[in-house]
Every structure is written in C-alpha cells, then in structure tokens.
Amino acid sequence: QQQVKQSPQSLIVQKGGISIINCAYENTAFDYFPWYQQFPGKGPALLIAIRPDVSEKKEGRFTISFNKSAKQFSLHIMDSQPGDSATYFCAASNEGYSTLTFGKGTMLLVSP
Amino acid sequence: DSGVTQTPKHLITATGQRVTLRCSPRSGDLSVYWYQQSLDQGLQFLIQYYNGEERAKGNILERFSAQQFPDLHSELNLSSLELGDSALYFCASSVAGQSGGYTFGSGTRLTVV
Numbered sequence: 350q351q352q353v354k355q356s357p358q359s360l361i362v363q364k365g366g367i368s369i370i371n372c373a374y375e376n377t378a379f380d381y382f383p384w385y386q387q388f389p390g391k392g393p394a395l396l397i398a399i400r401p402d403v404s405e406k407k408e409g410r411f412t413i414s415f416n417k418s419a420k421q422f423s424l425h426i427m428d429s430q431p432g433d434s435a436t437y438f439c440a441a442s443n444e445g446y447s448t449l450t451f452g453k454g455t456m457l458l459v460s461p
Numbered sequence: 002d003s004g005v006t007q008t009p010k011h012l013i014t015a016t017g018q019r020v021t022l023r024c025s026p027r028s029g030d031l032s033v034y035w036y037q038q039s040l041d042q043g044l045q046f047l048i049q050y051y052n053g054e055e056r057a058k059g060n061i062l063e064r065f066s067a068q069q070f071p072d073l074h075s076e077l078n079l080s081s082l083e084l085g086d087s088a089l090y091f092c093a094s095s096v097a098g099q100s101g102g103y104t105f106g107s108g109t110r111l112t113v114v
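Line order of the protein sequences matches chains P and D. Okay, so the first sequence: first residue is 350 according to this note's numbering, each after it adds one. Okay, so the second sequence: first residue is 2 according to this note's numbering, each after it adds one.
Watch out, some of these pointers could steer you wrong.
Heads up, simulated DSS-like pairs for lysine-lysine below, C-alpha to C-alpha not over 25 Å straight-line [stated by the list, open to error]:
| # | chain 1 | residue 1 | chain 2 | residue 2 |
| --- | --- | --- | --- | --- |
| 1 | P | Lys407 | P | Lys420 |
| 2 | P | Lys407 | P | Lys364 |
| 3 | P | Lys406 | P | Lys420 |
| 4 | P | Lys420 | P | Lys354 |
| 5 | D | Lys58 | P | Lys354 |
| 6 | P | Lys391 | D | Lys10 |
Derived by calculation from the structure, the hints in this document are not laboratory data.
With these hints in hand, go ahead and build the complete structure from the sequences.
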C-alpha cells in the first residue's frame, strides 16, 4: 500500500522557535506534496504544497524542503506562534490519479 | 466556511444500525472524496466520485457505500455499524483531476454505541 510516514507524532515548541515536521514516501510516482493544517473541530485546510521540480518553497513563515533522492520532505514553521498550534498532515499524490495519501499527522503545540 | 457542507455534524447511533452522511461540494467542483479520520489511523481515503461516476476506491469496507447525485452532492452510507466505525468522516471536493485543490468540509463525527 502506498504510504506516507510522518514524524514526530507530537511536538512542543516555544513561541518564536522553529517547528520541523518530517515526512517520507515510498512511491516514486508521487508528484505533488501538500501540507494541511487542521484545527480542532475543523476539516484540514491546505497550507502549502510543492512539486518535485523544486527543492524548496516558502510562503511567509512556512517552508517546504524537498529531497527527491531521499524521498523525503519537511515543513518548517519559522517564528512559531501559539496560533500555529494545530495538527499538521503531510500528503502525497500522483496527480494523474488525484487522490491524496496522508501521513498520520503531527500535533503541534506552541507554548507562549 | 470552506464551501463544502457536511451534514449532520454529529451522529450517535447503536451497533447494527445504518446511517447516511451527506456532502455538498464547493460550487464548481466535480470531484468528491470521502475520508475517515481516527486517532490511530489518521486520514484514510475511502472513495472518490467524479461527476457522478466512481473514480477511485481506497480502504472502504463492503458495509460502506457511496454515491454522487446529478446535483453533485454525495452521500456515504454506513451499514451494520460496529463500535470501530466511530470516527470523523470528512468529505472533500476539488476541481476535476486536480488533487491540489482539495477543500475539506468540517466533518461528521460518528459515535457508535
């Protein structure tokens, strides 16, 4: 089965620190790698995404780093804020098939 | 509001029963996806419909079925419910053929007692 492995399961970061969440995938046909953010009681919402033709993508305080040879990608949250406290999911897909395979999620708590 | 509407928000039912979860996709989106979210399994893909036709199937039990109607809303039917079916069920929609455009609803929390 196609899998996306995400770590850590949970993470506590101090306000202003850097949060780092890692994911690894197996299927080399995957060509789209999004990150989703989920607050309690809400559905996941697209945060940032990357395709394998670039090694890094930055949007504000959020950066995806992508290592195609290692089949790994990570989310970095710079200057983490209490409002960033949420569950983060990495995902991957082969856009030709359009269904996303999700990691198991990381619960991030940013302490004030 | 994401534009994807799921009803009901909460559902409590007994083992052995059957329930129907409903999803109205975002305006203009032709694809609907159903996911099950549990604490230990994360987000598991169940099934995808595109413009009324089944497009892809994931880890969906035989006791579960879905359909997408001409107005593009979708229903997920869960029957012979077991305690282990208790979970959050999410619907997402996207523009045809683009996994990058997933928009999730707020989910239906199903509790089987």
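How the hints compare with the structure:
For a cut-off of 25 Å, the pair hint linking P/Lys407 to P/Lys420 stands: about 19 Å separates their Cα positions. At roughly 20 Å between alpha-carbon atoms, P/Lys407 and P/Lys364 fall within 25 Å of each other, so this suggested pair holds. The hinted pair formed by P/Lys406 and P/Lys420 meets the criterion: a straight-line CA distance of about 16 Å does not exceed 25 Å. At roughly 11 Å between alpha-carbon atoms, P/Lys420 and P/Lys354 fall within 25 Å of each other, so this suggested pair holds.
Restraint check for D/Lys58 and P/Lys354: satisfied, since their Cα atoms lie roughly 21 Å apart, inside the 25 Å limit. In summary, the hint linking P/Lys391 to D/Lys10 is supported, as the alpha carbons are separated by about 11 Å, within the 25 Å threshold.
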